[in-house]
Amino acid sequence: MTIWDELGIAPTQDRSSLRRAYALRVKQVKPEVDPAGFQRLRQAYEEALRQNEDEAAPETVAEPVSTAAEQTQGAVVEELPAPPVFQTAVEVVQALQEAPAGRRKELLYEAMKAEGREDLDFQAALQRVLARLLLQHFDRHYALVAVLAERFGWEEDDDALHENSPVAELIGRSIARRWRLRIEASGPSDIMGVRGALHLLRGPITPTTFESFASRKQNLADMREVLRQLLDDCPQALRYETHGETVQWWRRRVELEEPIRAKSASAAGQSAGMRFSFWWIILFLIIVGQVGRCANSTAPGHASDYSRSSHSHPNEFDPRPHSPPDSDPVASMNFKHLKGNWSAVMVYQPGDVAMHGNQLWRAHTPLTGQPPGPKGSGWEPF
Amino acid sequence: MIVGIDLGTTNSLAAVWKDGTPQLIPNALGQFMTPSCVSIADDGQVLIGLAARERLRSRPEHSAAAFKRHMGTQKQLGLAGRNYRPEDLSALLLKSLKADAEAFLGQEVDEAVITVPAYFNDTQRKATRLAGELAGLKVERLLNEPTAAALAYGLHQAAPESQFLVFDLGGGTFDVSLMEMFSGVMEVRASAGDNFLGGEDFVEVLVEGFLEDVGIPGGVDLRSATTLARLWAEGERVKRELSLHETAVFRVQQGRRSLEWTVTSERFERLSAPLLERLRRPVERALRDAKISAKSLSRVVLVGGSTRMPLVHRLVARMFGRFPSRDIDPDQAIVMGAAIQAGLKARDVALDEVVMTDVCPYTLGVEVTENISAHHTRGGLFLPIIERNTVVPTSRSKTVFPVREDQAQIDVKVYQGESREVSDNVLLGDLKVPLPKLSRAQQEVEIRFSYDINGLLEVESHIPATGARKSLLIEQSPGSMSASDIQRSREKLAALKVPPREQAENRLVLERLRRLYELHLGERREWVAQRLLAFEGALQGQDPREIAHVRAEITKGLDQLDGAPLL
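Top to bottom, those sequences are chains A and C. Just so you know, we're using our numbering here: the first sequence kicks off at 1 and counts up by one. Just so you know, we're using our numbering here: the second sequence kicks off at 383 and counts up by one.
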């Protein structure tokens, strides 16, 4: 039975006839009388609506806010919803920038109480423009983000931040910045320790630096700690405050270092440990050359996979079998990596096939979190 | 006969679908609104409604109000030395409404549609249904309050295709629902809300303002229930007065001194600014979720007694750039909708062409651990299974795997909320699924969530490798009652005696006199004492006409002294 059989009409692109058909059928399967029948109908109806949207998608795909476009003032002006909105936003940002930090909250509150500014549509538009203005000169305006976020509840609403909007991008960037400043403040002031590790992650891959950095064992522990915090606490910083390829490169080194350190710990005496370290550095210099090349060949932007994927391929970087962490054996569960079932899986490899609508789609690039269909680029009909 | 009940934080109402239209049911005092107050009288009998509200001020330790705010929690309220759960008190209130309906209809009533805030969670809904059962009512349906109001408005709607927003600010809760109507289908497109925001918070703001500006000299114990009850009652009165006048005087009698605080509506609005701010967010979210702009709405409908406050009215006007509608009494819209739903449930022919669909207002999911890389896992993350604003009833599933090879069972923690980290969401329950002794790849578990039209959640696990299927009830849900708790409640409630219906008016006058006796001093107290004596004499005479006569006389005098009781 197709969705169209369920709806009792021939396939159509016309939204209003679709709605009429649903309205007619739903009276036969009222939710309180026939819950199962209603659910089937509703599923068919939603699927048909989605296909309708997909058909209209090519126009909407071009439209979403591209981060590149926001770099120039021209792009902002072009996308203005209405002149007073832009005017207001510029005034507000200027006034806040000039005000002493302690006065900003109150100032913004007063500014938003002005005639007509409490209007919901106006404020929705204003918030977007404000976010774009702040993104344009993020470093200069960073201190204002917290004030605006508090007033508009930007950070309270986790869900809004998953949208592709300037507000989401602004909040992502400021979370990343906050994380970096915190890490920088936590370490010693010189270029050692967590500070140094973070510094390395922010630049390009330099194998020569590795040598001097890794000569101090504590440095590697610090690097592991920074990486752990980066991956666990602040995936946003992967994108905005660190160099993606460098992070990936370091991750492999730091994770490989583990078994060797375990051995060196079991060997008595410090000198043995030092000897190990020496060989181990040599070993790395060899690997560096090889893996470094390898890293360059992977697709750019790959680092963002860590932030979203629930399961990178277990064997992608590491030939050893997976060793589970020593955590509570019962307390937690794991996503399934199941090819093709896109409700449960967020990562696709090239060649993966998935069902969407009543059509099969094949991924031709590695994909993260995108449902199949013309909306998600990287999919082709199978 | 199915009765529709609006079980409110401050007031409750009942209505039925009769002769093709919703009809409000009067209580024993002839009023449609019954204050949601319960009090245990000195003779051990239970008083409900206005008489209980009188005792809230004179005997606060024997009385309870606003218990809806504690539904679904472990909180116990002490009344006359015994502890009652919010479910027990709600059951007493429901029993009284049930008796009103039976008197009005002249037949037994054992089924009800009860409204709940859209943002009530699973535990709160179950508590409400249980309260109904304790009161001897089969709860046919738990209906979301803004949805009920929309139903009442929708039937009046002339335009066949329209989108409107229901702004429902009650005594203790705030809900926003976006409705769309087309071809006889009424669809909730999105719901959002705040479970702890309502008229009571505006009273609190006034009480705090008074204490800050004037205070109570002589260090009166603020924790004393009597002081609090008096401040609260006065705050409520001032709030209502500010709905009608530009200024009001907050007056508290302290011994022979009268403490006064003059508050303007502008000051009230400034004090309420943080609350008004909290009213914006759910509206913004509902509009965003439904992808509807404020401009394209055909109307904005105000529901709930608290929307009578001019400052709320003005805020809505500023937010939407137009004046909101209040065609139906904001106190009655919800119960009217509940009665319509009762008519729908009874499949009344007049309603045959109406279909109403609702949504789940929050996201429901389970806790998972994600693999960030081969050696790196991160626990405590939320895996959504039913996304918010999904049309209900609905059933969705996701597949999960054990983290470790040798895992013997999976602990499914069910959460409600929108945060990526479960620690920021609400834990609804905890279920254990034993795993078969198989390789990890075969240990996949499908977790299915089914959410019904009442907003109640059922969780099912299925292991494809063995075919083992287990329907699971959420146990240990914090705040829900166990079977033995329920039995104890039944016994406790059965032991309580309710005074006969025809005595309701007498009880009210007695309680009012007693409160005023305690409040006043000197001549006024003497005046009250005389009335009290006269009325007690008339009651002993047992002549109904004489009692009614004396009662009417006294009530007239009391209304002059005290003002007619506000509902």
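None of these hints come from the bench; they were simulated from the model. Hints should not be assumed to be uniformly reliable.
[As the list claims (entries may be wrong)] Simulated DEER-style distance windows between Cβ atoms:
no.: 1; chain 1: C; residue 1: S675; chain 2: A; residue 2: P204; range: 53 to 63 Å
no.: 2; chain 1: C; residue 1: L593; chain 2: A; residue 2: N164; range: 43 to 53 Å
no.: 3; chain 1: C; residue 1: T608; chain 2: A; residue 2: S186; range: 30 to 40 Å
no.: 4; chain 1: A; residue 1: R103; chain 2: C; residue 2: L593; range: 27 to 37 Å
no.: 5; chain 1: C; residue 1: F564; chain 2: A; residue 2: D5; range: 20 to 30 Å
no.: 6; chain 1: A; residue 1: K217; chain 2: C; residue 2: S675; range: 53 to 63 Å
no.: 7; chain 1: C; residue 1: S640; chain 2: A; residue 2: Y142; range: 51 to 61 Å
no.: 8; chain 1: C; residue 1: E594; chain 2: A; residue 2: E98; range: 28 to 38 Å
no.: 9; chain 1: C; residue 1: F564; chain 2: A; residue 2: K113; range: 52 to 62 Å
[What the hints assert, rightly or not] Taking beta-carbon pairs under 8 Å as the criterion, some of the chain A residues facing chain C (in silico):
no.: 10; residue: M1
no.: 11; residue: D5
no.: 12; residue: I9
no.: 13; residue: Q39
no.: 14; residue: R42
no.: 15; residue: E118
[To be verified] Listed next, the in silico DMTMM-like pairs over lysine to aspartate or glutamate satisfying Cα-Cα at most 20 Å (straight line):
no.: 16; chain 1: A; residue 1: K113; chain 2: C; residue 2: D711
no.: 17; chain 1: A; residue 1: K30; chain 2: C; residue 2: E515
no.: 18; chain 1: A; residue 1: K105; chain 2: C; residue 2: D734
no.: 19; chain 1: A; residue 1: K30; chain 2: A; residue 2: D54
no.: 20; chain 1: C; residue 1: K874; chain 2: C; residue 2: D424
no.: 21; chain 1: C; residue 1: K673; chain 2: A; residue 2: D119
no.: 22; chain 1: C; residue 1: K677; chain 2: A; residue 2: E118
no.: 23; chain 1: A; residue 1: K27; chain 2: C; residue 2: E562
no.: 24; chain 1: C; residue 1: K938; chain 2: C; residue 2: E918
no.: 25; chain 1: A; residue 1: K105; chain 2: C; residue 2: D834
no.: 26; chain 1: C; residue 1: K477; chain 2: C; residue 2: E493
no.: 27; chain 1: C; residue 1: K673; chain 2: A; residue 2: E47
no.: 28; chain 1: C; residue 1: K673; chain 2: A; residue 2: E115
no.: 29; chain 1: C; residue 1: K400; chain 2: C; residue 2: E515
no.: 30; chain 1: A; residue 1: K27; chain 2: C; residue 2: D734
no.: 31; chain 1: C; residue 1: K673; chain 2: C; residue 2: E493
no.: 32; chain 1: C; residue 1: K677; chain 2: A; residue 2: E115
no.: 33; chain 1: C; residue 1: K520; chain 2: C; residue 2: E562
no.: 34; chain 1: C; residue 1: K677; chain 2: A; residue 2: D121
no.: 35; chain 1: C; residue 1: K400; chain 2: C; residue 2: D425
no.: 36; chain 1: A; residue 1: K30; chain 2: C; residue 2: E842
no.: 37; chain 1: A; residue 1: K30; chain 2: C; residue 2: E490
no.: 38; chain 1: C; residue 1: K677; chain 2: C; residue 2: E562
no.: 39; chain 1: C; residue 1: K673; chain 2: A; residue 2: D54
Please read these numbers as outputs of a predicted model, since none were measured by experiment. Think of the CB as a built atom: it goes at the ideal place given N, C-alpha and C, for glycine as much as any other residue.
So, going through the hints one by one against the coordinates:
no. : hint                        : verdict
1   : C:S675 - A:P204: 53 to 63 Å : 45 Å, violated
2   : C:L593 - A:N164: 43 to 53 Å : 48 Å, holds
3   : C:T608 - A:S186: 30 to 40 Å : 53 Å, violated
4   : A:R103 - C:L593: 27 to 37 Å : 28 Å, holds
5   : C:F564 - A:D5: 20 to 30 Å   : 22 Å, holds
6   : A:K217 - C:S675: 53 to 63 Å : 59 Å, holds
7   : C:S640 - A:Y142: 51 to 61 Å : 54 Å, holds
8   : C:E594 - A:E98: 28 to 38 Å  : 33 Å, holds
9   : C:F564 - A:K113: 52 to 62 Å : 37 Å, violated
10  : M1                          : 18 Å, violated
11  : D5                          : 20 Å, violated
12  : I9                          : 14 Å, violated
13  : Q39                         : 6 Å, holds
14  : R42                         : 6 Å, holds
15  : E118                        : 4 Å, holds
16  : A:K113 - C:D711             : 30 Å, violated
17  : A:K30 - C:E515              : 26 Å, violated
18  : A:K105 - C:D734             : 54 Å, violated
19  : A:K30 - A:D54               : 28 Å, violated
20  : C:K874 - C:D424             : 17 Å, holds
21  : C:K673 - A:D119             : 17 Å, holds
22  : C:K677 - A:E118             : 13 Å, holds
23  : A:K27 - C:E562              : 16 Å, holds
24  : C:K938 - C:E918             : 17 Å, holds
25  : A:K105 - C:D834             : 44 Å, violated
26  : C:K477 - C:E493             : 12 Å, holds
27  : C:K673 - A:E47              : 18 Å, holds
28  : C:K673 - A:E115             : 25 Å, violated
29  : C:K400 - C:E515             : 24 Å, violated
30  : A:K27 - C:D734              : 8 Å, holds
31  : C:K673 - C:E493             : 38 Å, violated
32  : C:K677 - A:E115             : 17 Å, holds
33  : C:K520 - C:E562             : 30 Å, violated
34  : C:K677 - A:D121             : 7 Å, holds
35  : C:K400 - C:D425             : 38 Å, violated
36  : A:K30 - C:E842              : 24 Å, violated
37  : A:K30 - C:E490              : 28 Å, violated
38  : C:K677 - C:E562             : 14 Å, holds
39  : C:K673 - A:D54              : 16 Å, holds
Checked against the numbered hints above, the structure breaks hints 1, 3, 9, 10, 11, 12, 16, 17, 18, 19, 25, 28, 29, 31, 33, 35, 36 and 37 and satisfies the rest.
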